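Asker: Given the structure of chain E, go ahead and fit chain U onto it with the hints provided.
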Amino acid sequence: MQIGLFSVGDVTTDPTTGRTPSEHERIKATVAIARKAEEIGLDVFALGEHHNPPFHPSSPTTLLGYIAAQTSKIMLSTATTLITTNDPVKIAEDYSVLQHLADGRVDLMLGRGNTGPVYPWFGKDIRDGIDLAIENYALLHRLWREEVVDWEGRFRTPLHGFTLAPQPLDGVAPFVWHGSIRSPQIAEQAAYYGDGFFHNNIFWNMGHTKQMVHLYRRRFEFHGHGPADTAIVGLGGQFFARKNSQDAINEFRPYFDVAPVYGHGPSLEEFMAETPLTVGSPQQVLERTLSFRDHVGHYQRQLFLLDHAGLPLKTVLEQLDILGDLLPELRKGFAEGRPAQVPDAPTHASLVAARDAAAIQEPELVATGAAR
Amino acid sequence: MTELLVVSSGTGPNSSSRLLGSRLAEAAQSVLAERGEPVIVHHLELRTIASDLANHLVTGVPSAKLEDAFAQVRAADGVIAVTAVYNGSYTGLFKLFFDALGRDLLRGRPVLPAATGGTARHSLVIEYAMVSLFYYLRALVSSVPVFAATADWGASVGLDARIDEAARAFVELVLTSHPDKTDPSFDVSDFTTLLGG
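Sequence lines, in order, name chains E and U. Take our numbering: the final residue in the first sequence is number 372, and no numbers are missing along the way. Take our numbering: the final residue in the second sequence is number 197, and no numbers are missing along the way.
No wet-lab data here; the hints were simulated from the structure. Source: prediction; values computed, not measured. Check each hint, because a few of them may be wrong.
Unchecked claim - The list that follows gives simulated cross-link-like pairs (lysine-lysine, DSSO-like), each with its CA atoms no further than 27 Å apart:
| # | chain 1 | residue 1 | chain 2 | residue 2 |
| --- | --- | --- | --- | --- |
| 1 | E | K124 | E | K243 |
| 2 | E | K210 | U | K95 |
| 3 | U | K95 | U | K65 |
| 4 | E | K90 | E | K124 |
| 5 | U | K181 | E | K210 |
| 6 | E | K210 | E | K332 |
What the hints assert, rightly or not - To spell it out: a stretch of chain E is covered by chain U in this simulated footprint if at least three of its residues, at any positions, have a beta carbon under 8 Å from a beta carbon of chain U; those stretches are:
| # | segment |
| --- | --- |
| 7 | 172-185 |
| 8 | 208-220 |
| 9 | 342-356 |
For glycine and all other residues, C-beta sits at the position ideal for the given N, C-alpha and C.
Just chain U, with the same shape it has in the complex:
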């Protein structure tokens, strides 16, 4: 069973980020289906944990909802991460989440970056902002990201093909990766090892 998680940072209930995330997940699902791989898709809309993220920023303590969100990332074989473009970069909410997540949860985990914006002029945000963030977190960044401008949603060609191509590259990466799904929070080495360290 392959588990995919769509993390989207749109602020409205029907945001274009959520929509792009769904389209990418569906495309990945059909590619996996072609290969006979069963798949479950979960959606994490960051707007539903926005106040938890803000509280975590000032207290350092994750709420139960936030711990659940981290657990969803830990359980995922791959993450589709979608943000809107605000002032030339990912949104503050998007960054808050990946800051709260810490250094280890994306390590070795396939990530498909995707972004939405008003016009295609913003599309390099993926290469200039998102990819560097995910590289820093040592994620396995899929080589074909997707940017959807507002006009793309009404265009007869283009976006569907880009989604399909991105999904294929992402699935390839997911099927060949083995991200760590265990939670080391309460693991411990024997004390004699610690003493020797």
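For reference, chain E alone in the conformation it holds in the complex:
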């Protein structure tokens, strides 16, 4: 089980002090948070991608490349990489380089992006969102697996005789997750390729998350990648913890009440009841997080959003200390009752090993690049 963080990289005023950090501070804070995540023993740090204020991560591989140099164990990922408005060729190039620099500690989570104006700024139309995600990924998938690619599609200029440089590390593509809150087509896409499916799980009720994950699991099996309970599932979550639960509520409420996404809407209590948000004691965070399995089955990756809504860096690092203290219990809890056949999330090492094992069994298939 991988446990980690995902950050959207918002630059938000701290409502308790009225102070807004500079973009520079937030970018540096993101590095500090990623380093701290490694220090407390987390497995994954994932960064969002945005092309509009108040968000800073417009160039995720630059930031992740810098973080890769400052860390040695933690897996670097994205939450999400925009498969709609980015050129899939550029994604393949950027993440190949990152994968080499980070010695394979890289995977990606693809998403569509829901900010209408960003699409035309990159020459696209949000109404084509699903079609873009499908076509662009079909190309990205080939670029990482075939040496010479000929390609024609609806959305980008054709490619003839294109060879990706650099080729992915050890000839193995980074693992890909597909993130979607409510588009069944994206769950189907993840299932078709046998890739991972990630549900952000922080705005909607667990019943909704459950239905999306079950759709993905059912279709993963249908497409022949193995039994539904061996599909690769990731979930988001968010918490704010203090030793005393009332302190957590008192401290977090002013941030919650005006938070960019759900602020000015439901009360903290309503939002905690309707979504997986937990504000309370570490024990409450532990119990709530371990309860996610009851809805989606045993899964592979749990990412928390802790760094948002104007929380100062000091507070975020304190939350990470609390998470660090919880980690042994969380890991123990996730391991409980986990059937042997439920796999871990793929890593570079496991993908290389799987590729080598497959090459022994089916040499001709791998040699022609026809393996999917």
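Answerer: Structure of chain U alone, referenced to chain E:
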């Protein structure tokens, strides 16, 4: 079994919108009974989900209560939609609900528009505001709507007959329509179709 849903946007517990909705539902029920059609009537008072609707407006995320309300619309063979008239149109609460409902839930579904107001001077609100909203949502709008002014509730003739006539036209429409009751939220086409698209 025919399921009817009365959506009313009155703000008080005994609002005249709720009352008009009940009267229309009872009338429809008796017309259906004459034809031997069993019927269930549900009432959705929008004031009970007012804060859910406001939260949905700013967060885009429906609460469990709101999802229930949408499911009630999806299950209905016909919807009786009743609003009070505020400043020459339906109320904000009424519009919030149909905005939150999205483009598809009223498509092909019979709707009987009805409104209440202080005087009959407001009665064209149905034709000028409600009908255009329901046309936009591609509902099947029943041809005989009802407007009830305050004075109608004390008049000896008029309102009962209008309710009866509206109920008959609405039932005719309900019995000949087949609105989609399935929830496509988690339906998916096979990926090969998506790739080809």
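Asker: Each of the hints needs a verdict: does it hold here or not?
Answerer: Hints versus structure:
Between K124(E) and K243(E), the direct Cα distance comes to roughly 48 Å. Violation of the 27 Å bound is thereby established for this hinted pair. The hinted pair formed by K210(E) and K95(U) fails the criterion: a straight-line CA distance of about 31 Å is larger than 27 Å. Of the supplied pair hints, the one linking K95(U) and K65(U) holds, its CA atoms being roughly 18 Å apart against a limit of 27 Å. A threshold of 27 Å between alpha carbons decides the hint, and for K90(E) with K124(E) the separation of about 16 Å falls inside it, so the pair holds.
The suggested pairing of K181(U) with K210(E) holds, with an alpha-carbon distance near 22 Å, which does not exceed 27 Å. For the hint pairing K210(E) with K332(E), the CA-to-CA distance comes to about 23 Å; that is within 27 Å, so the pair holds. Counting residues of the segment 172-185 of chain E whose CB lies closer than 8 Å to any CB of chain U gives 3, which reaches the minimum of 3, so the coverage claim holds. Note: the segment 208-220 of chain E has 4 residues with beta-carbon separation from chain U under 8 Å; the three-residue rule is met and the coverage holds.
Evaluation of the coverage hint for the segment 342-356 of chain E: breached, as 0 residues show C-beta separations to chain U shorter than 8 Å, against a requirement of three.
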